[in-house]
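Undergrad: The residues making up each chain are set out below.
2 protein chains.
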Amino acid sequence: METPVSLHPYLDSGLPKGSTSFSGGTLVCDCKDRPVKVRVNSGIAHNHACGCTKCWKPAGATFSIVAVTPHENVTVLENGDKLHIVDPTALIRRHACQECGVHMYGPVEREHAFQGLDFIHPERFEETGWPEPTFAAFVSSIIEAGVDPSKMNSVRNHLRQIGLEPYDCLSPELMDYIATWTAKKSGVLAQ
Amino acid sequence: METPVSLHPYLDSGLPKGSTSFSGGTLVCDCKDRPVKVRVNSGIAHNHACGCTKCWKPAGATFSIVAVTPHENVTVLENGDKLHIVDPTALIRRHACQECGVHMYGPVEREHAFQGLDFIHPERFEETGWPEPTFAAFVSSIIEAGVDPSKMNSVRNHLRQIGLEPYDCLSPELMDYIATWTAKKSGVLAQ
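Chains X and V are the protein sequences, given in the same order.
Note that the first sequence covers residues 1 to 191 in the UniProt record's numbering.
Note that the second sequence covers residues 1 to 191 in the UniProt record's numbering.
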C-alpha cells in the first residue's frame, strides 16, 4: 500500500470541531526563548486548509491552516523585534518570526477585495476552540512543493473524507466575493 | 420566477454529445462577405465552457465554448488579412476577425504548460461532431462581465445539471498538469 500524503497533523485523523463563538486569543510562535506573541481581539473567518507554497505550515504538513481577521483587531504583544516581512511585494505581507520561521500575521494593505484583513494561522493560538477549516484551497499547488502528481486523487479524496471540499483556487463563495469586488471597482456592477 | 441566466445557445437546453473521433475541420468567422477560414487538421482536447471575460462568445452567451489543438495543425485558409491580435501581451494570442469580432485561433507561444497549443472555439467549425465540453472553467468570472452575484447558485446548478462541473479556475486535471509543469521547471520534480 502506498504511503498516504500527510495533510496536516491537525487534519490527518479527522477534523476537530471548533466554535463559531470563538472570540479571539493569543498567537504564539515556536521559539522557546522570547516567543513572539500576537493578540487577536475578535473572531476569525474563512478558516481553510491551503496548499499554496507561500503559507507557513508545520514540519511534515502539506497544507497550512489559515484564516482571516480584521487588521484593526491584531496587536503585537511581545517580542515584535523578531518579526520580518517574508516578501514585501506579495499581496499578503506575511510577518514571520526570523528565528523559528512561524508566520504570525499577514495583512493585506493594498487595494484588493481582502484589504483590511490579516491572514493568521489559528493553530498558533494558545487557546482552543477556534472554528475549524471548512474547505481546502489551492490544492493543485502542493505539486509545486514536491507532492507526486499521482497522489492527487488520494489527497483530494482524503480532504473530502474529512469534510474539506478541495478547490484549486479559493472557495466559490470567496471567488464570487473577489469577482464582485472587481466588477464594482470596474463599474460593471453598481457600488 | 427570476429570469435564468443563459449559459450559451448550445448549452441551455442540454449538452449535445459529440465524438472523440472528430479529426478536425474548418473554423469560419461570422462575416457574410469574405469570411476568415481556418483549417484544423487534428482533433481537439479539453473542450470546456469558459466564463472568463477574454474568450469570445456569441451574443447573449455568458460562457464561451473553447478547446485546444496543436498549433502545428492550424492553418489560415482564407482571408487571413482580416485577422488581428486582440491583446498581444496576453498569454493566449487571440487572433480575431476585425470585422465580425469572432476569435479564430489563439496560440500560446511563450514558455508555459500550454505552449504549442492553440485555443479555438469549436462552435465555429462548419462540421458537426466535435467532442462536447466536459467542464466549466472560470465560473466566478462571469460576475466581472455583469452577472448578478445572487444568480451564481442557479448558474452553477444549471451547469451541473447539464453535466458540466463548475470550477472557478481550470479543472483539477488541468490545474495539476500546470502545477506539474511548474514543479519540473523549478526542479522540485524530476523532468
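If you are wondering where the hints come from, they were derived from the structure by calculation, not from laboratory data.
These figures come from a predicted structure and were not determined experimentally.
Note that the Cβ used here is the ideal one computed from N, Cα and C, for glycine as well.
Some hints here could point you the wrong way.
These stretches of chain V come out as covered by chain X in the derived footprint (C-beta under 8 Å, 3 or more residues) [as the list claims (entries may be wrong)]:
| no. | stretch |
| --- | --- |
| 1 | 5 to 13 |
| 2 | 42 to 50 |
| 3 | 92 to 102 |
| 4 | 121 to 133 |
Keeping only pairs whose Cα atoms sit at most 35 Å apart, straight-line, the calculated DSBU-like set for lysine-lysine is [claimed, not checked]:
| no. | chain 1 | residue 1 | chain 2 | residue 2 |
| --- | --- | --- | --- | --- |
| 5 | V | Lys54 | X | Lys151 |
| 6 | V | Lys184 | V | Lys82 |
| 7 | V | Lys17 | X | Lys54 |
| 8 | X | Lys185 | V | Lys17 |
| 9 | V | Lys151 | X | Lys54 |
| 10 | X | Lys151 | V | Lys32 |
Undergrad: Which constraints among the numbered hints does this structure fail? Numbers only, ascending.
TA: 1, 2, 3, 4, 6, 7, 8, 10
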